[in-house]
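S.K.: Take a look at the letters that make up each chain.
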Amino acid sequence: SAVISQKPSRDICQRGTSLTIQCQVDSQVTMMFWYRQQPGQSLTLIATANQGSEATYESGFVIDKFPISRPNLTFSTLTVSNMSPEDSSIYLCSADVSYSEQFFGPGTRLTVL
Amino acid sequence: SQQGEEDPQALSIQEGENATMNCSYKTSINNLQWYRQNSGRGLVHLILIRSNEREKHSGRLRVTLDTSKKSSSLLITASRAADTASYFCATADRSNDYKLSFGAGTTVTVRA
Chain D
1 SAVISQKPSR DICQRGTSLT IQCQVDSQVT MMFWYRQQPG QSLTLIATAN
51 QGSEATYESG FVIDKFPISR PNLTFSTLTV SNMSPEDSSI YLCSADVSYS
101 EQFFGPGTRL TVL
Chain R
1 SQQGEEDPQA LSIQEGENAT MNCSYKTSIN NLQWYRQNSG RGLVHLILIR
51 SNEREKHSGR LRVTLDTSKK SSSLLITASR AADTASYFCA TADRSNDYKL
101 SFGAGTTVTV RA
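For the protein sequence lines, the chains are D and R, in the order given.
For the first sequence, our numbering assigns the number 1 to the initial residue and increments by one for each residue that follows.
For the second sequence, our numbering assigns the number 1 to the initial residue and increments by one for each residue that follows.
Hints may be right or wrong, so weigh each one.
List time: in silico DSS-like cross-link candidates among lysine-lysine, alpha-carbon distance up to 27 Å [said to hold, decoys possible]:
1. K26/R with K70/R
2. K69/R with K26/R
3. K99/R with K7/D
4. K70/R with K99/R
5. K26/R with K99/R
6. K69/R with K65/D
By construction, these hints were calculated from the structure, which means they are not laboratory data.
None of these values were measured; they are calculated from a predicted model.
My request is simple: use the sequences and hints to build the entire structure.
M.R.: As structure tokens, this is what we get:
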């Protein structure tokens with residue numbers, strides 16, 4: 001298993017601003033992922049955070065809107081850029097500890113006004 | 001993308017009763033995982049069952065997998081108020097680089 005922490009746990013932001021979410025894993029992992037969960041919905045994968053290379057984005061998500069960093073095997077950040085109220089969601093990071101067995105962080109609840 | 005569908009969407013039971021929820025999926029899988037989410041917080045990993053396994057237990061949880069029917073079930077026995085949460089199944093497949101595809105979830109309410 002893995003213990004994953006995220007900061008901040010929640011934030012309220014103004015339209016047009018950006019927020020960077022941090023994700024820390026207590027062990028080295030090859031694969032980390034970022035998900036979005038809109039109100040009342042299931043999880044949607046935003047991107048795979050690759051160490052040493054650019055993130056791989058899913059259809060409908062672009063780097064300019066959701067830049068991701070992965071400087072080492074235990075840490076990643078997701079930035080939500082130029083926010084609008086439609087970006088209000090829970091953002092979750094996860095770590096793949098063993099052949100797709102993923103453990104999740106506590107999530108960041110974002111509200112955009 | 002979502003490939004799992006869960007049934008029922010919502011479930012309300014009395015404390016002490018058993019809760020059963022089902023997950024169906026469309027493509028072949030390497031494994032299937034069940035997660036719990038309390039009040040819109042992070043997901044708690046409950047159990048992983050591999051495609052060559054038929055049943056797994058963890059405490060009060062029992063998971064079955066029927067690959068011929070492309071379905072899985074999660075049984076929670078002797079439910080408690082603390083089991084009130086949303087439950088999600090997620091599938092992983094080699095053809096999708098083992099990325100997880102989540103179902104829509106089942107919301108379980110346990111009444112005291």
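S.K.: Now tell me, hint by hint, if it's right for this structure.
M.R.: Comparing the hints with the structure gives:
no.	hint	verdict
1	K26/R with K70/R	7 Å, holds
2	K69/R with K26/R	10 Å, holds
3	K99/R with K7/D	24 Å, holds
4	K70/R with K99/R	18 Å, holds
5	K26/R with K99/R	15 Å, holds
6	K69/R with K65/D	40 Å, violated
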